[in-house]
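A.B. asks: Below are the chains, spelled out letter by letter.
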Amino acid sequence: MSGSEHGAAVGRGARPLSPHLQVYRLPLTAVMSILHRVTGCALMGGGVALIWWLVAAASGKGAFDFINWLLTSWVGGLGMLVFGAALMYHLCNGIRHLIWDAGYGYEKPEVAASNKAVLIGAGVLSAVLFVYAWLA
Amino acid sequence: MGMITPRARVEGLGSAKSGTEHWWGQRVTAVALAVLTPIFLVGFAKMLGRPYEEVLAFYGRPLNAILAGLFIAAAFVHLKQGLQVVIEDYVHSPALKTTAFLANTLLTTAFAAAGIFSLAIIALR
Chain A
1 MSGSEHGAAV
11 GRGARPLSPH
21 LQVYRLPLTA
31 VMSILHRVTG
41 CALMGGGVAL
51 IWWLVAAASG
61 KGAFDFINWL
71 LTSWVGGLGM
81 LVFGAALMYH
91 LCNGIRHLIW
101 DAGYGYEKPE
111 VAASNKAVLI
121 GAGVLSAVLF
131 VYAWLA
Chain B
1 MGMITPRARV
11 EGLGSAKSGT
21 EHWWGQRVTA
31 VALAVLTPIF
41 LVGFAKMLGR
51 PYEEVLAFYG
61 RPLNAILAGL
71 FIAAAFVHLK
81 QGLQVVIEDY
91 VHSPALKTTA
101 FLANTLLTTA
111 FAAAGIFSLA
121 IIALR
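Quick note, the sequences are listed as chains A and B, same order. For the first sequence, our numbering gives the first residue as 1, with consecutive numbering after it. For the second sequence, our numbering gives the first residue as 1, with consecutive numbering after it.
To be clear, the hints were calculated from the coordinates, so they are not data collected in a lab. Check each hint, because a few of them may be wrong.
[Stated by the list, open to error] To be clear about the criterion: a stretch of chain A counts as covered by chain B if any three or more of its residues have a C-beta under 8 Å from a C-beta of chain B, and this derived list gives those stretches:
| # | segment |
| --- | --- |
| 1 | 21-30 |
| 2 | 36-42 |
| 3 | 80-92 |
| 4 | 99-109 |
| 5 | 124-134 |
[Stated by the list, open to error] Examples of chain A residues lying across from chain B (beta carbon under 10 Å, computed):
| # | residue |
| --- | --- |
| 6 | Ala56 |
| 7 | Lys61 |
| 8 | Ile95 |
From the three backbone atoms N, C-alpha and C, an ideal C-beta is built for every residue, glycine too.
Make the full structure from the sequences, and use the hints.
C.D. replies: And the structure:
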């Protein structure tokens, strides 16, 4: 869709919209903000898996063995890895949000640095979690 | 001042109908989770994939059960608070919005209750 068609579609004449979302490259900070929401919503799925696992453990061996098999199967294990990484990202970026809420770190260079810190932190913590889950 | 009823002025709340309680509540659970999440994962990541008897023995210990229960409570309250904001931002039809709020409240409460009750069963058996 061209810009003018889009403008006409919403009754604004032929004027372009700015920033036009189809050509505007979102800054890293914006992408990370969206990712915070996406991972937060996805964690509901991880929460449901965790509760299923606990209810099954309280219910009996048969129920537990099934969910244990499911969560450690190829597909379930991959899901656990995704949830683990999503949780580590949401945790690291959440701590940055708390620092922002306290009133610090709003300058552009500070945000660029915290972008990097959150991404590296989430990556390292995910790796530590995966290795720990594998070996422990 | 403008067009505002005396009662609304006393309450100090505009068309949003509430103050900063929701925002602050989400920060309270966030701080709790910043501590509880790593503690919970040290146990859970170890137990995932372990045999039935071992998992029961682990969560049968009071401290493990209490910390897991606290994590589940904080996590599902935080999930409910976060999903509510997402619904407020993206769902605009009043009927759908009310339905989504209801589903969010009921499901997050039910999952948290199921998890904590299961931990109690395991710990007290």
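A.B. asks: Can you give the numbers of the hints that this structure goes against, from lowest to highest?
C.D. replies: 1, 4
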